[in-house]
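Asker: The primary structure of each chain is shown beneath.
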Amino acid sequence: MSFETCKDVWVFIECFQGEPKSVGLELLGQGRKLADGLKQQLCAVVIGKDVDAAVKAAAAYGAEKVYVVKGDEYENYSADAYGHAFLKLCEKYDPNTILVGATVNGRDLGSKLAVSLHTGLTADCTALSVEEESGNVVWERPAFGGNLYAQILCSETRPQMGTCRPGAFKKGQPNPDNKPEIIEEAIPTPAEQIRTKVVEFIKAAEDQGMRLDEADVIVSGGRAMKNAENFAVLQELADVLGGTVGCSRAAVDAGWMPQSRQVGQTGSTVSPKIYFACGISGAVQHVAGMSESGTIVAINKDDTAPIFEVADYCIVGDLFEVVPALVKELKARQQA
Amino acid sequence: MNIVVCIKQVPDTTEIKIDPVKNTLIRQGVPSIMNPFDKNALETALQLKDAYGGKVVAIAMGPQQAKAVLREAISMGADEGYLVTDRAFGGSDTYATSYILSQAIEKLGPFDVILGGKQAIDGDTGQTAPSIAEHLGATRLTYVLDMKVEGDKVIARRQVEEGIEVIETKFPVLCTATKESNKPRYATVSRKLYSLRCDIPELTIADFPNIDTTKIGLKGSPTKVKATFTPKRTATGVNIEGNSPAEIAGSLIDKLAEAKVL
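The listed protein sequences derive, respectively, from chains B and W.
Going by my numbering, the first residue of the first sequence is number 284, and it counts up by one from there.
Going by my numbering, the first residue of the second sequence is number 10, and it counts up by one from there.
No lab work stands behind these hints, which were simulated from the structure alone.
In this text, all values refer to a predicted model and were calculated from it rather than measured experimentally.
Where a beta carbon is used, it is the ideal one built from N, C-alpha and C, also for glycine.
Check each hint, because a few of them may be wrong.
Within a straight-line C-alpha distance of at most 25 Å, the following computed DSS-like cross-link-like pairs (lysine-lysine) qualify [as the list claims (entries may be wrong)]:
(1) B/Lys480 / B/Lys556
(2) B/Lys290 / W/Lys233
(3) W/Lys116 / B/Lys584
(4) W/Lys179 / W/Lys64
Here chain B is said to cover these stretches of chain W; the calculated rule only asks that three of the stretch's residues, wherever they fall, bring their Cβ under 8 Å from a Cβ of chain B [what the hints assert, rightly or not]:
(5) 152–161
(6) 171–182
(7) 256–270
Simulated restraints on C-beta separations [to be verified]:
(8) W/Tyr203 / B/Pro607: 52 to 62 Å
(9) W/Asn248 / B/Asp377: 51 to 61 Å
(10) B/Glu374 / W/Lys269: 46 to 56 Å
(11) B/Glu512 / W/Val247: 47 to 57 Å
(12) B/Asp377 / W/Ala215: 30 to 40 Å
The whole structure should be built from the sequences, with the hints applied where relevant.
Answerer: If you want it as structure tokens, here you go:
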């Protein structure tokens, strides 16, 4: 791929059973910013069996072009089929920049594309910008468990690629009137080329409520929760506010909460409207996963806890007293 | 069954501290450990060997001190350990690292199964293992919980966000393991003693006469670090105080309502 001819910012719209995942739409917002900086177009890439919902969403969230590859072989993700289709698109249209969600499959696909295209891929970016003079994207990401941040450039090869975690960025405002150019490419992948086959899918049992990356309110607990049962206290507050419960790594390591509820560097990245950190000390690993929240409320007995350095509202106190009091007061006001 | 496990030595990121004056990472005195997810990958390898027989080879890339994680792998049950080490490999990003490791795997192989952790806790990219698969042209399955063999088929359960995929594939296959995959075993005393005196052969650039030197080390890495910094924290929060939990609660809700958050 050449520097001179490559153009446009591509965002992969990953789907699950025909529904676009939020992360692709979040990345369209970031892609817009990069495309403006590079003075190029923002394009979405949709691969799947049923693509209508994803194409519609990509349009609403601002894509100027949508590249579509449709086929039965794309019903489930496989590196072989998706990689093949995506690489064919790259060969034909020569993108400048590619953004992919850092999901299980997105990380896999990103690696496959980057190696095949002999280019750089920066993982789990938390901030993106364009260096105007060079046209390089500045990929900013945490490392060493969030203790250090690095700015990465891919200055000698194109396309330049990065992944971003779900929830790291907010979605923009959808515009149902946006009418992008839809470019459907027939790219079949022969069955014998697809070396993995999904023979069964076991849907995850719905654990406590809604997904972390989709919740507006998250009430998280840490080491101070003392046991699994005590999380019921947080659940009550989450219920009153229409939110869900999260936790720090300490609570997962202690076996009180499933890993799917973990917020932080090795868990989910979240940016809800309100984040309650209850009895969480605020290790960098945790903060790296929640510092982009709209409003952060920290409740901790220890007034030197680092969580207070990132909190908007700080309560030095016992969560087992403060949280029930909050529930009571909120209920009283809701009834009033 | 021939199995190779890629292991990385990492600083224990939970022990890293920031120098408050220089605002830099203090790495001195931080213990080096086997990347925890690689330990799960090793356990997967050992379970496969327990079930189907064969050999488990551990490889690590890094300086001499990385031999420590290979000795640990051998103490847990790996049959052999190889250190991939050369100045020319230094500064490699995930593209270059995965290329070098793929060369080592080709040299030591052939292998039926290639294993690694889903990500390393220092870089946290999760890219190296799937990239190795791509360099080798191998089938890859990331986030694998467990796997078994049925005839010439491999059946693996793969953890994705929405649930578990049961996947059918064939050897050779590269898989990455997660924390949920298993609980790594402890070393036995006799293996531990053996691991301390066994030979850990080194593979240097001289062992790879056909390696493409434009794809290795800092120069062969398409991504470059422009700058690093430590996250700044400036306490700007508002303290919510009161004489009772109820008063504190009321005050917070007022503030949230004022800010139109509630």
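Asker: Next step is simple, just say for each hint if it's right about the structure.
Answerer: Evaluated hints:
no.: 1; hint: B/Lys480 / B/Lys556; result: violated (40 Å)
no.: 2; hint: B/Lys290 / W/Lys233; result: holds (22 Å)
no.: 3; hint: W/Lys116 / B/Lys584; result: violated (57 Å)
no.: 4; hint: W/Lys179 / W/Lys64; result: holds (19 Å)
no.: 5; hint: 152–161; result: violated (count 1)
no.: 6; hint: 171–182; result: holds (count 9)
no.: 7; hint: 256–270; result: holds (count 9)
no.: 8; hint: W/Tyr203 / B/Pro607: 52 to 62 Å; result: holds (56 Å)
no.: 9; hint: W/Asn248 / B/Asp377: 51 to 61 Å; result: holds (55 Å)
no.: 10; hint: B/Glu374 / W/Lys269: 46 to 56 Å; result: holds (50 Å)
no.: 11; hint: B/Glu512 / W/Val247: 47 to 57 Å; result: violated (32 Å)
no.: 12; hint: B/Asp377 / W/Ala215: 30 to 40 Å; result: holds (39 Å)
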